[in-house]
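J.: If you read the sequences in order, they're chains A and B.
Per the working numbering, numbering through the first sequence is continuous, rising by one, with the last residue being 238.
Per the working numbering, numbering through the second sequence is continuous, rising by one, with the last residue being 249.
The set of hints was computed from the structure by calculation and includes no laboratory data.
Computed from a predicted structure; not experimentally measured.
Glycine included, every Cβ here is placed at the ideal spot set by N, Cα and C.
Hints are not guaranteed to be accurate.
What the hints assert, rightly or not - Residues from chain A that keep clear of chain B, each with C-beta distances beyond 10 Å, as calculated: (1) Ala2; (2) Ile50; (3) Lys63; (4) Asp149; (5) Arg179; (6) Pro198; (7) Trp206.
Claimed, not checked - DMTMM-like cross-link-like pairs, simulated, lysine to aspartate or glutamate; straight-line CA separation at most 25 Å: (8) A/Lys43 with B/Asp129; (9) A/Lys164 with A/Asp149; (10) B/Lys156 with A/Glu9; (11) B/Lys99 with A/Glu224; (12) A/Lys164 with B/Glu106; (13) A/Lys222 with B/Glu52; (14) A/Lys14 with B/Asp129; (15) A/Lys103 with B/Asp129; (16) B/Lys99 with A/Asp159; (17) B/Lys156 with A/Glu42; (18) B/Lys88 with A/Asp159; (19) B/Lys99 with A/Glu231; (20) B/Lys225 with B/Glu190; (21) A/Lys21 with A/Asp38; (22) A/Lys75 with B/Asp129.
Residues per chain are reported as follows:
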Amino acid sequence: MAELRKLNEHGRAKFLEYISKSRGGEMVAPPLDILTSDEYSEKLSVSIDIELKDFPDRLSYAKYLTEKLSVIPRKNLVGNSGIWDWISLMYIQKLHPEGSRWKETNKYYCSSDYSDWYRNLTAFAWDVYSVHGESSRVFLKTKMDVHNDFSEQIGSRQDILPNKEFVKAVDALYWNQARQRQKEGCTARDRETNQPMPGTLNRLTWVLRQFSITYDINGMSKDEILNLLPEEFNKWKP
Amino acid sequence: MIVKLNFTGRERILREEIIVAPKENGGNIVSFGISLDNTRMGLAGDARLIVEAYHKSEFRRFDWGTVAAPVQPKDTDLSGLGNSANLKLRVKVVNYNSKHGCIIGEAEGIPIVETETDKKSILPIYFTDLRNQVWRLTYNQENEGEPVLEVRSALKPFAKGNPEFFFNVYPPALAQILWHLLTVRKVRAESDENADWENNWLKFAVRISGQNPPAGEEDPGEWIKDVVDTFCGKYAAIWEKYLHIEQGK
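This is chain A alone, in the form it adopts within the complex (with noise of 0.2 Å):
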């Protein structure tokens, strides 16, 4: 168990550097020791232990995340670099398992750069978890060191990630209840065309931002998004 703190300018270069030499293929160790040193790191106004644990899922890792930082303001959390890079260093063997290919730098790396942001394994995870609550499931029902394509699709489509009715919606169609996972074939694309399959994730977003120049999508309930949807959806609605 460790105090939560936040990596410094100088701690994020040599965590930032930790990643790029593992990626380059060199065996270093992660700088674990910046987690607690003040020439790398800075103590938080509040104290917040988070514990090094072993979680099934990004969804769990997510759920433990949103209830551990409730007592910061979600403002003071939104684009906090050295909080999520602390975290991520910290749960860098979970990220990035023994034996696995390094990803890119920033899965790990909280880059400033809001176009990257979805992309990081860990803030992407509570910022989604904590909007979303129960539906972000189809993003983070993954592997700890998976960003899947629900992730990839709808977390660079900021106009409609926020969107809790669309979410629930997403949820609603290729949510398995069943066997508590995305359902088979969701996100298909036929082998010939490389085109997405129909009714699948990527044609929902293309169906929906044909969608929001015409319609109020942002004030539709998720009933309505559904009946909104074209034909190819059907055997996906619940």
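Based on these hints, arrange chain B on the given structure of chain A.
T.: Structure of chain B alone, referenced to chain A:
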């Protein structure tokens, strides 16, 4: 080519038709008022006026009554949202007489606090963490693909008014934006159907070069070169003075 269809006859609400009155506390925007001038558009009085405050994943939505009888919501508190300084407003006029609420008027990307940059610049600058890059252009999909200049945060104190920065960044940025505008977005003339930024950039470039861009599918390369060259020429005296000072050091 990006095709914009407008089956519902929705109106583009002009920036000057919206007045925003921010309320600040200790330098933070805590709430705001808004009013819409419907004189030009004549939108249905019973249509709902909807205001959305947003920046990236931060979002709040307010029902502002109707066009004819706007009612300020009791709570327009924005203090809980992150990045309050960067929040923008989206104003929608929605007709709920149809099966689904149809948007009949819309404006996006309205700053709550209008800075000098908002008033004068057609190229918003965001200082951000670009890792190894010094600057880059992005196209803001939340604001109809408007170009945004992103610059490495560390350069913030250095960039403003610095001739070296100006001449290294702005001419290639100008060229990239015009190429994007003319060849990707296929905008070659001002039109009501264009996004505001597209018309503004086109106007800006035509004013510099004194000539309209080539029409149709004609290669705009030479025209863009001419615009950029004339643009640099306008500021040549500043560059000369800067070199003079640097050489004298």
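J.: All hints, please: hold or fail.
T.: Outcome of the hint check:
For A/Ala2, the non-interface assignment is confirmed: its Cβ lies about 25 Å from the closest Cβ of chain B, beyond the 10 Å cut-off. Here A/Ile50 stays apart from chain B, with its beta-carbon at least about 21 Å from theirs, past the 10 Å limit. No beta-carbon of chain B comes within 10 Å of the beta-carbon of A/Lys63; the shortest separation is about 18 Å. Distance check on A/Asp149: its Cβ is at least 18 Å (rounded) from any Cβ of chain B, clearing the 10 Å threshold; non-interface status holds.
For A/Arg179, the non-interface assignment is confirmed: its Cβ lies about 29 Å from the closest Cβ of chain B, beyond the 10 Å cut-off. With a minimum CB-CB distance of about 22 Å to chain B, A/Pro198 clears the 10 Å threshold, and the non-interface call stands. Distance check for A/Trp206 against chain B: the nearest CB is about 13 Å away, which clears 10 Å, and the non-interface claim stands. Our distance criterion of 25 Å between C-alpha atoms is met by A/Lys43 and B/Asp129, whose separation comes to about 23 Å.
Distance check on the hinted pair: A/Lys164 and A/Asp149 sit about 18 Å apart at the alpha-carbon level, within 25 Å; holds. A C-alpha spacing of about 16 Å is found between B/Lys156 and A/Glu9, which places the hinted pair at or below 25 Å, so the restraint holds. Taking the CA atoms of B/Lys99 and A/Glu224, the gap is near 10 Å; set against the 25 Å cutoff, the hint holds. With a C-alpha separation of about 22 Å, the suggested pairing of A/Lys164 with B/Glu106 holds against the 25 Å cut-off.
At roughly 19 Å between alpha-carbon atoms, A/Lys222 and B/Glu52 fall within 25 Å of each other, so this suggested pair holds. This hinted pair checks out: A/Lys14 and B/Asp129 have alpha carbons roughly 16 Å apart, not beyond 25 Å. Distance restraint check for A/Lys103 and B/Asp129: the Cα-Cα separation of roughly 20 Å lies within the 25 Å cut-off, and the hinted pair is therefore satisfied. Straight-line distance between C-alpha atoms of B/Lys99 and A/Asp159 comes to about 23 Å, which keeps the hinted pair within the 25 Å bound.
Of the pairs offered as hints, the one joining B/Lys156 and A/Glu42 holds, with about 24 Å between alpha carbons and a cut-off of 25 Å not exceeded. Restraint check for B/Lys88 and A/Asp159: the C-alpha separation of about 12 Å stays at or below 25 Å, so the hint holds. Taking the CA atoms of B/Lys99 and A/Glu231, the gap is about 17 Å. The hint holds against a cut of 25 Å. In summary, the hint linking B/Lys225 to B/Glu190 is supported, as the alpha carbons are separated by about 20 Å, within the 25 Å threshold.
For the hint linking A/Lys21 to A/Asp38, the alpha-carbon distance of about 24 Å falls within 25 Å, and the restraint holds. Between A/Lys75 and B/Asp129 the alpha-carbon distance is near 19 Å, which keeps this suggested pair within the 25 Å criterion.
Against the hints set out earlier in the document, no violation occurs for any number.
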